[in-house]
Amino acid sequence: MWVAIGSLTLMGLALGALLGVAARYLAVEENPIEAELQSMLPGSQCGQCGYVGCAQAAAALARHEAPVTLCPPGGRALAEALAARLGVKADLSQVVDDGPKLAQVSEDICIGCCRCIKVCPTDAVIGAPKQIHNVIRDACTGCGACIERCPTEAMALVPVPVTLQHWIWPKPAIA
Amino acid sequence: MKELALMMVGAALVNNVILARFLGLCSFMGVTTRIDTAAGMGMATTFVITVSSMADWAVQHYLLDAYGLGFLRTVTFILVIASAVQFTEMTIRKVSPSLFQMLGIYLPLITTNCAVLGVALLLVEGKLSFLASTLFAFASAAGYSLVMIIFAGLRERLALAQVPRLFAGPPIGFIVASLLAMAFMGFSGISTG
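These protein sequence lines are chains A and B, in that order.
Using this note's numbering, the letters of the first sequence map in sequence onto residues 132 to 306.
Using this note's numbering, the letters of the second sequence map in sequence onto residues 326 to 518.
Since the hints were derived computationally from the structure, they do not count as laboratory data.
Hints are supplied without guarantee of correctness; some may be wrong.
[Said to hold, decoys possible] Calculated lysine to aspartate or glutamate pairs in the DMTMM-like style (CA-CA distance at most 25 Å, straight line): (1) B:Lys419 with A:Glu160; (2) A:Lys220 with A:Glu238; (3) A:Lys261 with A:Asp222; (4) B:Lys327 with B:Glu481; (5) A:Lys249 with A:Asp222; (6) B:Lys419 with A:Asp239; (7) B:Lys419 with A:Asp269; (8) B:Lys419 with A:Glu161.
Please build the complete structure, drawing on both the sequences and the hints.
Set out below in structure tokens:
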């Protein structure tokens with residue numbers, strides 16, 4: 132038994148050491164800005180920017196090939212944060228921002244076709260075939276992928292209602 | 326010499342890993358939508374099968390047989406295979422990032438590709454010498470790559486063909502795979518003993 136345990140341990144250690152050395156020599160140096168930009172993006176891979184996913188969008192941003200206003204779900208706040216991080220002047224006049232929005236199902240139009248469930252990148256839509264769907268608000272990122280997919284236009288982005296929990300005092304406006 | 330050549334033909338064509346032994350079917354259906362991806366997968370798997378078979382031969386002879394530890398065969402072989410796959414993954418990531426992107430999840434899944442473990446276990450059963458087992462492993466892997474590339478080519482044509490809606494996508498792929506397997510049965514006429 133000790134031979135078995137010892138030989139397996141030795142093999143594991145030897146192969147592990149080999150891989151450790153290989154990882155040193157074959158390390159890929161990644162652009163640190165790319166990883167940082169990717170962590171700022173929503174990460175729901177909705178594809179509204181025209182890139183395959185958030186990783187590709189972050190790479191394009193890092194190469195200064197994409198405008199900082201590329202991410203519709205991120206809205207104005209993200210565009211400002213990206214512009215500050217990349218040190219570019221962003222034209223924010225095109226970004227209309229009317230506060231955060233979440234998807235909502237109109238229950239009288241929904242036919243329970245399940246198409247929105249399949250496209251939702253965060254699995255925020257629940258339901259079953261021929262059953263009316265609903266959106267889990269905590270999981271929805273408001274990316275809007277389900278809006279285009281819905282055959283009956285039952286999906287809509289609606290502003291998040293202001294409740295006592297997240298109401299904030301408006302900033303004083305300059306007269 | 327003639328025996329070795331016949332054995333290699335037998336491993337690559339007659340007893341093809343995919344079409345006769347039905348090993349490695351996940352990657353056979355998964356990464357054969359484009360020829361260059363299939364070729365990359367074939368090369369990566371060929372490397373892994375050859376290297377891990379050589380290492381597994383050494384493990385079998387100098388560890389398992391020498392100390393009577395035959396019951397450890399599966400776990401030690403998988404240890405060797407997993408390390409070889411890790412190494413391949415690091416190399417591909419360094420050498421060809423685009424291939425790394427294309428292969429995606431299928432690259433680490435070579436570890437669980439039963440063709441790799443299957444070839445290693447076949448070698449143990451065959452009780453071959455080191456040279457013969459290395460050549461057998463390489464020939465099996467070459468047969469695997471060949472079928473992957475042929476099937477990818479067929480599927481590239483198939484993507485443009487008019488297919489009845491019921492069969493579009495994977496179903497017609499499976500039908501083509503069965504036709505390809507029947508075509509490869511023709512090689513069983515080559516008697517390799």
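Against the structure, the hints:
1. B:Lys419 with A:Glu160: holds, 9 Å
2. A:Lys220 with A:Glu238: violated, 43 Å
3. A:Lys261 with A:Asp222: With Cα atoms ~45 Å apart, lysine 261 of chain A and aspartate 222 of chain A exceed 25 Å; violated.
4. B:Lys327 with B:Glu481: violated, 37 Å
5. A:Lys249 with A:Asp222: The given pair, whose Cα atoms are some 35 Å apart, is violated under the 25 Å limit.
6. B:Lys419 with A:Asp239: violated, 54 Å
7. B:Lys419 with A:Asp269: violated, 39 Å
8. B:Lys419 with A:Glu161: holds, 11 Å
In this structure, the earlier hints numbered 2, 3, 4, 5, 6, 7 are contradicted, and the remaining ones agree with it.
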